[in-house]
Amino acid sequence: MAGEKRILLKFLGIINNTYNEKELEELILFLVNLIMPAIRKSRAYFQLSNYEPQDIALLTVSTLFVRDKNNRFPVLERLFDWKKIERFLSASENDFNRYLKNILLRRLKQTFYYLRSEIRPERNKIKREILYTIKKYQEYQLKRSGSRQLVSFVPSNGGGQNSEKITEENSDQLLSICLNNGLGGLQVPKFLKKLADNLEKNMVHLEISVQQLLEIYIETQKHYLQAEAQQAFHQEKRYNASEFQTNLKNWIKELQKKYDLILARYVEKDKISSEEKEAYLQALYDLIIDWQDGGQEKPLFNYLKKYLPELSPEDYRFKKRRIMEYLVRNARNYFKNKLESWENLNYLRGV
Amino acid sequence: MKMEFKKLKEKEILDFCTQLCQPANFENKIILFFRKSLPSPFPHLLGFEGLTSLEIYGEKVTLASADSSYLLRILKNNISGELQAHLLHVQKEKYQYVFICLDGQDKNYLTDAHGRVNLGKVDLDLSRIKVSLCPPSAIFDLTKTTSQALPRFVSDKLNGSKLEAEFFPKESGQTLKIQLTNREKDIDIKRITLIVDESEILIAVPQKGLAILELPENFENLQINLYE
Numbered sequence: 001m002a003g004e005k006r007i008l009l010k011f012l013g014i015i016n017n018t019y020n021e022k023e024l025e026e027l028i029l030f031l032v033n034l035i036m037p038a039i040r041k042s043r044a045y046f047q048l049s050n051y052e053p054q055d056i057a058l059l060t061v062s063t064l065f066v067r068d069k070n071n072r073f074p075v076l077e078r079l080f081d082w083k084k085i086e087r088f089l090s091a092s093e094n095d096f097n098r099y100l101k102n103i104l105l106r107r108l109k110q111t112f113y114y115l116r117s118e119i120r121p122e123r124n125k126i127k128r129e130i131l132y133t134i135k136k137y138q139e140y141q142l143k144r145s146g147s148r149q150l151v152s153f154v155p156s157n158g159g160g161q162n163s164e165k166i167t168e169e170n171s172d173q174l175l176s177i178c179l180n181n182g183l184g185g186l187q188v189p190k191f192l193k194k195l196a197d198n199l200e201k202n203m204v205h206l207e208i209s210v211q212q213l214l215e216i217y218i219e220t221q222k223h224y225l226q227a228e229a230q231q232a233f234h235q236e237k238r239y240n241a242s243e244f245q246t247n248l249k250n251w252i253k254e255l256q257k258k259y260d261l262i263l264a265r266y267v268e269k270d271k272i273s274s275e276e277k278e279a280y281l282q283a284l285y286d287l288i289i290d291w292q293d294g295g296q297e298k299p300l301f302n303y304l305k306k307y308l309p310e311l312s313p314e315d316y317r318f319k320k321r322r323i324m325e326y327l328v329r330n331a332r333n334y335f336k337n338k339l340e341s342w343e344n345l346n347y348l349r350g351v
Numbered sequence: 352m353k354m355e356f357k358k359l360k361e362k363e364i365l366d367f368c369t370q371l372c373q374p375a376n377f378e379n380k381i382i383l384f385f386r387k388s389l390p391s392p393f394p395h396l397l398g399f400e401g402l403t404s405l406e407i408y409g410e411k412v413t414l415a416s417a418d419s420s421y422l423l424r425i426l427k428n429n430i431s432g433e434l435q436a437h438l439l440h441v442q443k444e445k446y447q448y449v450f451i452c453l454d455g456q457d458k459n460y461l462t463d464a465h466g467r468v469n470l471g472k473v474d475l476d477l478s479r480i481k482v483s484l485c486p487p488s489a490i491f492d493l494t495k496t497t498s499q500a501l502p503r504f505v506s507d508k509l510n511g512s513k514l515e516a517e518f519f520p521k522e523s524g525q526t527l528k529i530q531l532t533n534r535e536k537d538i539d540i541k542r543i544t545l546i547v548d549e550s551e552i553l554i555a556v557p558q559k560g561l562a563i564l565e566l567p568e569n570f571e572n573l574q575i576n577l578y579e
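Protein chains in written order, with our numbering: chain Z, 1 to 351; chain S, 352 to 579.
Extracted from the complex, chain Z is given alone in its bound form (with noise of 0.2 Å):
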């Protein structure tokens, strides 16, 4: 058995109560290994006082094997109910990873939130790399005015006469650049390539010592992180009950009527009969119910055999399964959007 489903058993061993020590050892050291190269990765630019990478891993991962009193984890069993075990049993293996991940580097960035006011940043080292990306880019020039050095960017047509010029007066100006077009959680070469490329689109000159590129570096780098924390917390909490599943309806009306449509002309096109036009939408409906309760339960060609009763297996892998599944792919997009733009919103409105 391949590598994440053998883990998927252990967190099913788990949940069951029914692991040994050794699988819990082994569960443990495969978390720690999924978070190190992340970890290590940001420790280039912050490094945590006390805290090797090691020990962020080993805090992130603690967290999930805190106990009850009846020495189970009620944190871990939190985030990986049956219901998704289940899922995740019949689902690909980099379903499960992918989600694996997610919850580690989500969990990893919340570690990083708390332990902020120990955040150290390695500033030789990236004043170091800023140095050198600034002498490999030819957007910018190195000036030296005294015993200070100077970062100029000049856009390629000069900016003309209204153009704004960004000097250590108003540098702020540059770190809403910075924070406005998104370039936090980036490292020093893209940083400067992306920031070049918003120079040179809003026609700005920017001329400011290296040493106040380094502290908006830093800047943009810390709300990143910060911003990211609050939006994992953000993922992880509960909706609001009634708007959500008021909104629910409504899409799924929504969907009902575009797959009304859609089907109408395939009918039209004689590619399906109308029964079959209306087994599709009910097998759809049945399927979108199940995604609400924690998931399909079914093969597909199940939800589609329970309105046509006379489906054979041959049948709906020849003529079925593939509109089957486009509808299913296009229905899992169309919530997933809807999600997404009721999350911002709801995030924008600070909920």
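Calculated directly from the structure, the hints in this document are not laboratory data. We put the beta carbon where it would ideally sit given N, CA and C, even for glycine. Among the clues, some could well be false.
Only some residues are given here: those of chain Z computed to face chain S with a beta carbon under 8 Å [unchecked claim]:
id	residue
1	E21
2	L24
3	E25
4	V32
5	N50
6	D55
7	L58
8	T63
9	F65
10	R67
11	V75
Once you have looked at the hints, place chain S on chain Z.
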């Protein structure tokens, strides 16, 4: 050199994984010894009181510490077949939320506020059992607004230490970061227990004296116990 360093790191990780999944190897350990109790002077008392001859609880074994300050009685519920341990001490800090370690068991047991713990249907040879206790080395009380706390009860070794607490709000409940400061470097905190309103208990394995715990939605008082 680099390889050795890498191996060392891997060993640290392995050690930590072992700590998380195995019973803690407490340093502050009190070993218990068998205690011979005198036969009851009133063997016929039950009959006189008209009770049935079936005793629901049968005392299996009694153990005591070397200085006789701790007494642990292990009883068997004859109906359910489960074993129960009752820990006694004159000071409540010494019998409440104490880890009981039974040799050969893959977990430690934590007593409740009354010094009791259900051991379940464990297969133990009670005539040869080896038992040790680990009482808390320090106890701190926290409220929702506390950021620093001094111990309500503390052992000599941890005297002078402080607990720093930081609450992080979440949509459902809160997260608590606790860190022990002012402690001597060689003191290794093996477990941290968080008792929420004297009912819910969470047990964490700290990393460098720091633990992060997810709290339930509503709580009033928190008690934090540290174990060496």
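Cross-check of the supplied hints:
no., hint, result
1, E21, "5 Å, holds"
2, L24, "4 Å, holds"
3, E25, "5 Å, holds"
4, V32, "6 Å, holds"
5, N50, "7 Å, holds"
6, D55, "6 Å, holds"
7, L58, "5 Å, holds"
8, T63, "5 Å, holds"
9, F65, "5 Å, holds"
10, R67, "5 Å, holds"
11, V75, "6 Å, holds"
Violated hints: none; the structure is consistent with every hint.
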